[in-house]
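S.K.: Here is what each chain is made of, one letter per residue.
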Amino acid sequence: MAAERPGKRYHAERGNEERGNEEGGNEERTADMLPLTDTVTPADQAELAATVCEAFATDTPLYPLGGRTALDFGVVPKRPGLGVSLAGLTRVVDYPYHDMTITVESGITMAELSAVLAREGQRLPIDAGQAEQATLGGLLATNFSGPRRYGHGTVRDYVIGISAVDGRGVAFKGGGRVVKNVAGYDFCKLLTGSLGTLAIISQVTLKVKPLPGATAWLTCELPNFSRAESLLAAMVDSKTTPVAIELVSGAHWQGTDRTPMLIVDRRTLGVLLVGFEGTESEVDWQIEQLRSEWRAQGASVFGHHVDDAARQLGSRLTQFGSSPAPLVLKINVRPSAVISIMELLLNIDPNASLASHAGNGVVIAAFSEFSLADASKTLIQRLQPAAVAAGGNVVVWSCACGELTRQAVWGAGRGDAEMMRAVKRQFDPKGLLNPDRFVYGTL
Amino acid sequence: MLAPTLPSLVDQFRRLLGADGVLSAHGELMVYECDGFTIEKSSPDVAVFPRNTGDVQAIVKLANEHGVPFLPRGAGTSLAGGCLPVGGGVMIVLTRMKQILEINLRDRYAVVQPGVVNVWLTQALKGTGYHYAPDPSSQGACTIGGNVATNSGGPHTLKYGVTVNHVLGIEAVMADGSLVEFGGPAEDNPGLDLTGVMVGGEGTLAIVTKVWVRLTRDPQGVRTMLGIFESCDDATTAISEIISAGIIPAALEMMDQGILEAVEQAFHFGFPLDAQAILLIEVDGLEAGLDFQRDQIVAICRNRGAREVRQAKDAKERLLLWKSRKQAFGAVGRLSPSYCTQDGVVPRTRLPHILRRITEIGAKHGIRTVNVFHAGDGNIHPILLFDERDEEQVRRVLVASGEILDECIACGGSVTGEHGIGVEKIGFMHKLFTVDDLDVMVRLRQAFNPHGNLSPGKMLPTAGACGLEQTRPGRRAAL
Numbered sequence: 013m014a015a016e017r018p019g020k021r022y023h024a025e026r027g028n029e030e031r032g033n034e035e036g037g038n039e040e041r042t043a044d045m046l047p048l049t050d051t052v053t054p055a056d057q058a059e060l061a062a063t064v065c066e067a068f069a070t071d072t073p074l075y076p077l078g079g080r081t082a083l084d085f086g087v088v089p090k091r092p093g094l095g096v097s098l099a100g101l102t103r104v105v106d107y108p109y110h111d112m113t114i115t116v117e118s119g120i121t122m123a124e125l126s127a128v129l130a131r132e133g134q135r136l137p138i139d140a141g142q143a144e145q146a147t148l149g150g151l152l153a154t155n156f157s158g159p160r161r162y163g164h165g166t167v168r169d170y171v172i173g174i175s176a177v178d179g180r181g182v183a184f185k186g187g188g189r190v191v192k193n194v195a196g197y198d199f200c201k202l203l204t205g206s207l208g209t210l211a212i213i214s215q216v217t218l219k220v221k222p223l224p225g226a227t228a229w230l231t232c233e234l235p236n237f238s239r240a241e242s243l244l245a246a247m248v249d250s251k252t253t254p255v256a257i258e259l260v261s262g263a264h265w266q267g268t269d270r271t272p273m274l275i276v277d278r279r280t281l282g283v284l285l286v287g288f289e290g291t292e293s294e295v296d297w298q299i300e301q302l303r304s305e306w307r308a309q310g311a312s313v314f315g316h317h318v319d320d321a322a323r324q325l326g327s328r329l330t331q332f333g334s335s336p337a338p339l340v341l342k343i344n345v346r347p348s349a350v351i352s353i354m355e356l357l358l359n360i361d362p363n364a365s366l367a368s369h370a371g372n373g374v375v376i377a378a379f380s381e382f383s384l385a386d387a388s389k390t391l392i393q394r395l396q397p398a399a400v401a402a403g404g405n406v407v408v409w410s411c412a413c414g415e416l417t418r419q420a421v422w423g424a425g426r427g428d429a430e431m432m433r434a435v436k437r438q439f440d441p442k443g444l445l446n447p448d449r450f451v452y453g454t455l
Numbered sequence: 194m195l196a197p198t199l200p201s202l203v204d205q206f207r208r209l210l211g212a213d214g215v216l217s218a219h220g221e222l223m224v225y226e227c228d229g230f231t232i233e234k235s236s237p238d239v240a241v242f243p244r245n246t247g248d249v250q251a252i253v254k255l256a257n258e259h260g261v262p263f264l265p266r267g268a269g270t271s272l273a274g275g276c277l278p279v280g281g282g283v284m285i286v287l288t289r290m291k292q293i294l295e296i297n298l299r300d301r302y303a304v305v306q307p308g309v310v311n312v313w314l315t316q317a318l319k320g321t322g323y324h325y326a327p328d329p330s331s332q333g334a335c336t337i338g339g340n341v342a343t344n345s346g347g348p349h350t351l352k353y354g355v356t357v358n359h360v361l362g363i364e365a366v367m368a369d370g371s372l373v374e375f376g377g378p379a380e381d382n383p384g385l386d387l388t389g390v391m392v393g394g395e396g397t398l399a400i401v402t403k404v405w406v407r408l409t410r411d412p413q414g415v416r417t418m419l420g421i422f423e424s425c426d427d428a429t430t431a432i433s434e435i436i437s438a439g440i441i442p443a444a445l446e447m448m449d450q451g452i453l454e455a456v457e458q459a460f461h462f463g464f465p466l467d468a469q470a471i472l473l474i475e476v477d478g479l480e481a482g483l484d485f486q487r488d489q490i491v492a493i494c495r496n497r498g499a500r501e502v503r504q505a506k507d508a509k510e511r512l513l514l515w516k517s518r519k520q521a522f523g524a525v526g527r528l529s530p531s532y533c534t535q536d537g538v539v540p541r542t543r544l545p546h547i548l549r550r551i552t553e554i555g556a557k558h559g560i561r562t563v564n565v566f567h568a569g570d571g572n573i574h575p576i577l578l579f580d581e582r583d584e585e586q587v588r589r590v591l592v593a594s595g596e597i598l599d600e601c602i603a604c605g606g607s608v609t610g611e612h613g614i615g616v617e618k619i620g621f622m623h624k625l626f627t628v629d630d631l632d633v634m635v636r637l638r639q640a641f642n643p644h645g646n647l648s649p650g651k652m653l654p655t656a657g658a659c660g661l662e663q664t665r666p667g668r669r670a671a672l
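These protein sequence lines map, in sequence, to chains A and B.
If you count the first sequence from 1, you need to add 12 to reach my numbering.
If you count the second sequence from 1, you need to add 193 to reach my numbering.
Keep in mind that the hints are not guaranteed to be accurate.
[Stated by the list, open to error] If you anchor each label on the Cβ, the simulated ranges turn out as follows: (1) Thr102(A) to Asp488(B): 52 to 60 Å; (2) Ser437(B) to Arg394(A): 50 to 58 Å; (3) Asn496(B) to Gln266(A): 37 to 45 Å; (4) Ile293(B) to Lys251(A): 42 to 50 Å; (5) Arg394(A) to Ile293(B): 31 to 39 Å; (6) Arg91(A) to Pro200(B): 26 to 34 Å.
[Stated by the list, open to error] Pulled from the structure, derived: some chain A residues nowhere near chain B, Cβ distances all over 12 Å: (7) Ala55; (8) Ala62; (9) Thr63; (10) Glu66; (11) Lys90; (12) Ala99; (13) Asp111; (14) Val128; (15) Arg189; (16) Glu292; (17) Leu356; (18) Asn359; (19) Gly443.
Since the hints were made in silico from the structure, they are not lab data.
The C-beta atom is built at its ideal place from N, Cα and C for all residues, glycine as well.
With the rest of the complex left out, here is chain B (with noise of 0.2 Å):
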């Protein structure tokens, strides 16, 4: 389909940004084939650097030229396919831009480019009064263009909200090349929130090359507490309770006995085998208001049976507790070579409910199953364990996966909490919304990318591809 243009496409690409701002060999393209989702595979025909913006554009505009269809990949960190170059054609990888352009204290905002990692703009803070808010766990790696691609959340964002609460502009090159501001430093721009629109947009309505992001103040002080309980549902029930207490933990952290006893092997923290579950629980803001709350939590806590109540006496000690949490995902390779993780969401409230059903549902396909999650907004993260060389295993997993998904509609949740529908929940897109719906959907980015060339195969079910199960591995061609 594209060999014919492809060559001298790639060498337009190559006069534009130099030897090294361009691969297009095959082994080359292979690190850029898959994102964290790393069921499906695609290579894309080529990977482009850009320097800045003026080159996103002139990419945009060659592509557009050669008819070949193009999408931004930031780190490569998404867990929904995200990045998968579906029908090939033209990377743009935004890494090489990552600047920090310009912090404003006076104004509580900075200026970064797409490809700024996540982690370093706290770190550039440090010392300042003020952090970014939205941290993912995936900090350390992801950049902030793809959180505004996917309205990325983490553990904090019961209190401080998801990226869209924290982007105050963006500046975008759109499918056609051009190049528009939206929003700015200032609040309230007349008209409408196409920030907001955009952030969530999975980069299906434009290439992100600039943000302008909100700052946000350093909490004065923090209690980190660690119950250590005896099943799942105390656990989950204390959370109702602190919550109806009115109190808005930072963060609200939950780990089952299955996570928990592989991070005990790997790590050592000393946890209690046997204990079903484990909340990592933290408040921050006024010292003034700080111990209350944390009375309040641990007398909670200890109402619902929990055997011990851990308390970070210092900075060291609480970044002990964390670690525990933190290295969750790091300590699965002791129980299985392979892993997937979802991304569901349910009202808090039916948490007891979706974690039964997930070991029920992992007992019925005999796939083991294990939990560490975002217990205050009810943004669960099952992992489910086993052996990617064994195809019927997997089989297994795709479709215990789905069923969890499933049961978080049934529960009036959502599929997707912060890793995005990407391509590997497109399928579900009908499940969650009705055909008007969709319609809706499919004009808005129509307004935005009306050929399609930005970013196809992503987000949205095309007219007809819905309802398809998926019964092996591989997604359902969305063309």
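Excised from the complex, chain A in its bound form (with noise of 0.2 Å):
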């Protein structure tokens, strides 16, 4: 068993506003998450690719670097190894806007391309937390989501042509500049994901949506979890259409001083969050619809949130799980199962706190105890099992008791295994891209 590591994986810094541009705190949080003897920024692409050509030569390992914020996620890897930044690559290489595609480089942060849409009055409907340090290149290797993938889809559905290298250093590309393409394989999808293991993306070209014009959240307070279900289930035949369907629960959503209340009656186990985008008169419409159909199903507390209160929501809901906790999750089931392994989850432990895209059935839950033994045991006992009978699985997003082993981290062992291994032997054939980290075992 791993010895425990100290409380230092999860610095205040991570998710901390004060963090800004300290570069030192920066590289001193990297070092402590991988095994970095240095780190290259490439200026380019071609510089890129001549990184890894060299690292395939030397069979030296290689981390790719965003914006550094999920850096624990994963198996933690052992191998000491070249820390690559993508800082270098930050590029708008093509915006025909007229097109409603843009193609950018890999380590352009989120908020950067947001701001450079935005000037056009479009935009990528992908949530990302943290957006100022995260990268899309991070975003897409991590397959990052919010709230708004219920009506928007995820990352995956908007990669219309990528650039990347892969393990030998060879540069290449899949897709292309237009929306609608089969010519070859998808290599959008398989890298979109992937965590850095098959190859280390270098250019995207996206397809974009216009910028709505109006955003607001109907929230309704939840006595108890039978009662969710029921507006859950309601909501498969509601006139309305959500972009997300939020049901969270637990003392992180208590009001603060700070933040908005959320939760008014004491006696409330959870809420129920709908958030709504389009025009005006299409939003209204729909949240006087939805008071309705709840007060028809006699739920009566709701909360109604418009445009900065509306954008702080989403924005709250996006970044759960990035904050520090002992121990954070996401499973993955058939949204029928959300309110079940909710249940389980508060089973377990009481004081966690829960956010599930319920619409979609992901579930993130933030424990407030754990020890590693607990931690490994509570994983692959329970919530594995209880996860894969939802038709779904489990993986942990951060650990900060200790080092967990690939079985608790990435969940369940499914069919298609042999498969990944096969995949990843051909991109990266010395199993130098983020070794160890991913899903893979011994290849």
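Can you join these two chains into the complex? Each is in its own frame, and there are hints to help.
M.R.: Put into structure tokens, the structure is as follows:
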């Protein structure tokens, strides 16, 4: 069993507004999470390929670095290697805004990307936590998503072209610059969510959407889980078309002095939040419509958040899970199983805080207290079987209580594991890209 | 090559599937010697009809034992030779695996066998408030398994996406006969998105035996309009302006004068024969937003000199407006005995340019062209009219097709928006992708299909077989 690491792993820096541009703190945190001998920052795509080529020739492990907001995601790697920062690849390569596509280098931050798009009244409708630091490449590599995945899909649905460097240092591309394209294999899908283990993404072409005119949330406090399930089930037939259906529970969501009051009634078990986007008349109509649908089902305590309050709420929901906690998990199941999974989680730790993209079956749990041994046992013996029975699995987002095994971090094994290894061997024959961190096991 | 071992293999297939599950006589196999891409023909050595996943596994294992290549086929509607049995082999026809296994509205998914015809699923969902969104024009015949293989699109992709955006998971028989489940009813399974890679794999990575698909909420309302324009430029500019206004139409289809004339003569919709272009525009969604979008669209069309903008008042009128588009290919028979359609893509703003170039290229080769296509996403379908009994015309058609696709590439587009590479466009792969790109694709295929016995000769040029000009009908060997 791995020795317990000191609590250094989740500095208060992570998710901390005061972090700012403290490069020293940034590097220190990186060094704490990854076994880096050095870090290089290629100035362009050619230099990136050359870097990987040389690593291939010298059998040097490589750790791609974006905004460094998810360095502790995955199994803790041990092999010392070179950090490869994408901070030098931040260009907007092409932005034919009338075509509603944009091509950018992967090191661009999500905030910068949003700003570029907003100038033309456009956006990538993907929620990004810590947008000032998080890079597009990192978001792709982790397949991060937030509440609006219900209505807009995940980033995988927006990548139409991709350029990357594989584990041999070979630069390649897939897709193209147009929204309809089936020529060749879909590297866009393959690399999204691959945690930088097949190739280092250097450039991405995205399709984008117009900015919405209005945004609002309607919230409803829930006295118990069975009420939650009946309201969720009723959303299937709602006349509204939300962009988000969220269910949250736990101490994190109690109102504080600094954040909007979410929970009014002390008997509340959780809150159902439904988000809308569109023109003002579309949003207004949907708010009224959902109010009347909920009233017809006997629900009564409502909150209505618009404009800035709506944006803040979306941001809080997106950021949940990146705040410090001993153990943060993500469980993916059929949407109808969300409630039973949440009940199980609260049964394990009544002080846990939970958030879920309930319409998508994704539940995120931040536990209040866990020892390493307990965490491992709970994952493997209780949560994984429950998630698998509900059609999905469970992964660890971060664990401050020590180093978990691959079996604990990446969920129950599935029949496609061998195929994943076969693909990995083709793209990274020497196993140099982010070694040990991802699902593969022995290659 | 196969002669000694083939009778024994066919016997074993008959024992597995029954006599009516196997076709081996030359006459019986003629139907399977090509798909919608009729220029190339090659007969399989035997066609087999599995009833279930176990049958597919057994077939693959038997084929492997005998060293015979194999490939899957759905309804055979591929327009790129996706079902062409290059080198013969065993054709595994999946049309008998045609059950909808599960519909789960609470969790918004359905599970289907690969032989389920696309439109059957939406029909089965009628009245539930949900439908299956990817609806290629051939949806009355094509199968969902085939849709998965080609990542099919259709007229609604600008707003609703393509097949890969609606597939949650795939159960597949691999090239070695093993069975693997990728993805499933839940989103976000850990690891690589191999489901996403297999959609569009054109049958070269695995044989799909089950699909989990996402269901889409029916829109509350719809507004359908048909604009009649004095020029293609006016119509394509109107398209750009509609989208720049922040409207994402559910469908945006364009037809030019040539096809319009054929449609009018065949079906008498009352279209003026001198109109240069027609735009069929549909917006859907919440009633609360539709009138505003419709009004904006009508204003834009009028601003661009539209002679008339017809609006459907009810479901019956809507179907009538759509009929003019859906019957377009059926009307082509009035214009010439044969036709060949292409599937290029350009950035939407390059539509005026590509339409001009199509006319020029047609004129240069003495081939008449007409156009009907998905204008919203730049996916063109130029129709080249000819008589296939005249070899000289056929040659010119192939050259003209190639030049049109070259022009699409020059515009920053693609040579295939939805039909796939198949065999038809293998020669274009080196124009779209570098040697390194293709090498990485070969490596990916290697992971799934290491011996190349599944769907040989598809999609990827093999080393050295690139850059050969197609000077006569028939595919260059990619062996």
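S.K.: Each hint should be assessed against the structure and marked as holding or not.
M.R.: Outcome of the hint check:
1. Checked against the given bound of 52 to 60 Å, the beta carbons of Thr102(A) and Asp488(B), roughly 41 Å apart, lie outside it.
2. The given range of 50 to 58 Å is respected by Ser437(B) and Arg394(A), whose C-beta atoms sit roughly 53 Å from each other.
3. Separated by about 54 Å at the C-beta atoms, Asn496(B) and Gln266(A) break the suggested range of 37 to 45 Å.
4. As the Cβ distance of Ile293(B) to Lys251(A) is approximately 26 Å, the hint placing it in 42 to 50 Å is violated.
5. Distance hint check for Arg394(A) and Ile293(B): the Cβ-Cβ separation is about 35 Å, which falls inside the suggested range of 31 to 39 Å.
6. Checked against the hint of 26 to 34 Å, the pair Arg91(A) and Pro200(B) fails, with Cβ atoms roughly 56 Å apart.
7. Non-interface call for Ala55(A) relative to chain B: holds, since the shortest CB-CB distance, roughly 21 Å, exceeds 12 Å.
8. With 12 Å as the threshold on Cβ separation, the claim that Ala62(A) sits away from chain B holds: the shortest Cβ distance comes to roughly 14 Å.
9. With 12 Å as the threshold on Cβ separation, the claim that Thr63(A) sits away from chain B holds: the shortest Cβ distance comes to roughly 17 Å.
10. Look at Glu66(A): its CB is around 17 Å from the nearest CB on chain B, clear of 12 Å, so calling it non-interface holds up.
11. With a least CB separation of 21 Å from chain B, Lys90(A) remains clear of the 12 Å interface cut-off, as annotated.
12. Once the 12 Å rule is applied to beta carbons, Ala99(A) is consistent with being away from chain B; the minimum gap is 25 Å.
13. The beta carbon of Asp111(A) sits about 4 Å from the closest Cβ of chain B, which is not more than 12 Å, so the claim that it is off the interface is violated.
14. For Val128(A), the shortest C-beta to C-beta distance to chain B comes to about 17 Å, beyond the 12 Å cut-off, and the non-interface label holds.
15. Distance check on Arg189(A): its Cβ comes as close as 5 Å (rounded) to a Cβ of chain B, failing to clear the 12 Å threshold; non-interface status is violated.
16. Chain B draws Glu292(A) into its interface by the beta-carbon criterion, the shortest separation being 10 Å against a cut-off of 12 Å.
17. With a cut of 12 Å on Cβ distances, Leu356(A) stays outside the contact zone with chain B, its closest approach being about 16 Å.
18. Every C-beta of chain B lies more than 12 Å from that of Asn359(A), the closest at about 21 Å, which supports listing it as non-interface.
19. Look at Gly443(A): its CB is around 15 Å from the nearest CB on chain B, clear of 12 Å, so calling it non-interface holds up.
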